[in-house]
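Chemist: Sequence:
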Amino acid sequence: MKPKPIFTLLLGLSLSNESMAQPTPPTRQMLMEQALNKSYALANNNAEQRKVQLEKQALKNAYLPELTLNPTYTHLDRDISITVPRLPYQPLPKEVYSGPYEFSQQLQPRNILKATAQANMLLFSGTKIPTLYKALSFKQQAVQALADKERMAVIRDVALAYDQLALIAQSERVLDEADKRLAEGVRFINKAVKEGLATPYDRSKVELAVQDLAAKRVDLNGKRQLALARLTQLTGTPAEQLAGIRPELTRLVADTVSTSVENRPELKSLALAGEATRYRQKATLAAYLPQVYAFGKNELYRKDLSAIEPYWYVGVGVRWTLFDRFTARTERRTVEQDLIIAQNNLDQTRDLLTLNLQKTHAELRTANQLADVATQKVVLARKALDIATKQYEQGLIRITERLEAETDYQKAELDYAQAVTNQRAAQVGQLEATGSLTIADIR
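In mature numbering (1 follows the signal peptide of the UniProt record, and there is no 0), the protein residues as written are -21 to -1, 1 to 422.
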């Protein structure tokens, strides 16, 4: 009786090691989150948003002072001086004044070294900068709206790949059940051949059906590898960690069904881009307003300054372009055409998305109806298989008829699995068409 606790301990350790060796496969939601984190399209969208943010910061920086340092060295051909000519009167007696009657004063030496610090600062841009800042804000929102489009595309791709694994798993279960029935049929036909109740031809038919199942398994295995490779490409998760995914295949029903495309990110993005273009148009009017700026200068090296040069100065100026060769008018008219193009793109996109929504509604309606028909076909095929099995065992029908019933039932089961997969894909397509596809919608 003493070895029992030791045996129990060893058994528990072996089971725990087995469970540790087989980690739980990731769920559908986990894979979608991983795919969103890996998405290159979303990463590019984030980079575009950062670019717009840098453009906005550059506009703000226009109000910062611009500081420049200008050290220079200049060599003149001679000194700069001023000479006072002789006055028109008789010279004084030498006893009174014996100096020169012409005076020369140096104003600037020949070699000039300067170091100047200058500053310029924009005080008023004629409303151009604030208007362009608003335009960039709308542009940034437009880019953010497109991120929702990329996000829905990633969720859709993962959902379809995951459903493909569910279809394969369901198909494998169908083949497993068929294997059991055919194994029983093989035993029955072998016994019948020995007793002279069946021919070798009948046995070859059963063996051929077994090989058909083997071929279908090979095909399913290839499809599984492709589905795993697709999920690996989307999520970055190794295929070994995804191999244990065997989800159940059920219909997907949305909680709410929208009948409008106004929630589509493309429409939101185009509408926001149109607002950005309108503010760009307003910014062109700023060219007709004056700009106000401040300026200043300070001489850092003052030894070589002339007598008339100041050490420093500050001031305020106004820059008003009275004639710009119609540049502002041309820009304004160009932006007006951009507005027309933006509105046309918005209207065209709305029409196409509305047509796509109608298409997805029709596809979902058809997919639901086909799934209902497939359900009835499975029920009828199962009933026919049960009848054929009993009649074959009673010797009322040949093995070929029994195998035909088996094939019909397999096909009905596989068609049902495919119909449910198509229904799920149609439901995902409809949610995406309305712009309401989220991770929570996929179950």
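If you're looking for bench data, these hints aren't it; they were derived computationally from the structure.
Source: prediction; values computed, not measured.
Virtual Cβ for every residue (Gly too), placed ideally from N, Cα, C.
Wrong hints could be hidden among the right ones.
Calculated cross-link-like contacts (lysine to aspartate or glutamate; reagent style DMTMM-like; alpha-carbon spacing at most 20 Å) [unchecked claim]:
no.: 1; residue 1: 113; residue 2: 241
no.: 2; residue 1: 35; residue 2: 254
no.: 3; residue 1: 128; residue 2: 241
Estimated spans, in silico, between C-beta atoms of each pair [as the list claims (entries may be wrong)]:
no.: 4; residue 1: 334; residue 2: 163; range: 32 to 42 Å
no.: 5; residue 1: 242; residue 2: 16; range: 32 to 42 Å
no.: 6; residue 1: 242; residue 2: 108; range: 29 to 39 Å
no.: 7; residue 1: 345; residue 2: 218; range: 30 to 40 Å
no.: 8; residue 1: 236; residue 2: 205; range: 24 to 34 Å
no.: 9; residue 1: 57; residue 2: 298; range: 33 to 43 Å
no.: 10; residue 1: 290; residue 2: 57; range: 21 to 31 Å
Chemist: Decide, hint by hint, whether the structure agrees.
Modeler: Cross-check of the supplied hints:
Annotation: proposed proximity of residue 113 to residue 241 is violated, straight-line Cα distance about 24 Å (limit 20 Å). Proximity of residue 35 to residue 254 is assessed by CA-CA distance (about 16 Å); at most 20 Å being required, the pair is judged to hold. Our distance criterion of 20 Å between C-alpha atoms is met by residue 128 and residue 241, whose separation comes to about 13 Å. Between residue 334 and residue 163 the C-beta distance comes to about 53 Å, which lies outside the given range of 32 to 42 Å.
Distance hint check for residue 242 and residue 16: the Cβ-Cβ separation is about 24 Å, which falls outside the suggested range of 32 to 42 Å. Judged by the Cβ atoms, the range 29 to 39 Å given for residue 242 and residue 108 holds: they are separated by roughly 34 Å. The hinted range of 30 to 40 Å is satisfied by residue 345 and residue 218, whose Cβ atoms lie roughly 34 Å apart. One distance hint, 24 to 34 Å for the beta-carbon pair residue 236 and residue 205, holds here, with the actual separation near 32 Å.
Against the hinted window of 33 to 43 Å, the Cβ-Cβ separation of residue 57 and residue 298 comes to about 38 Å, which satisfies the hint. About 25 Å separates the C-beta atoms of residue 290 and residue 57, a value consistent with the hinted range of 21 to 31 Å.
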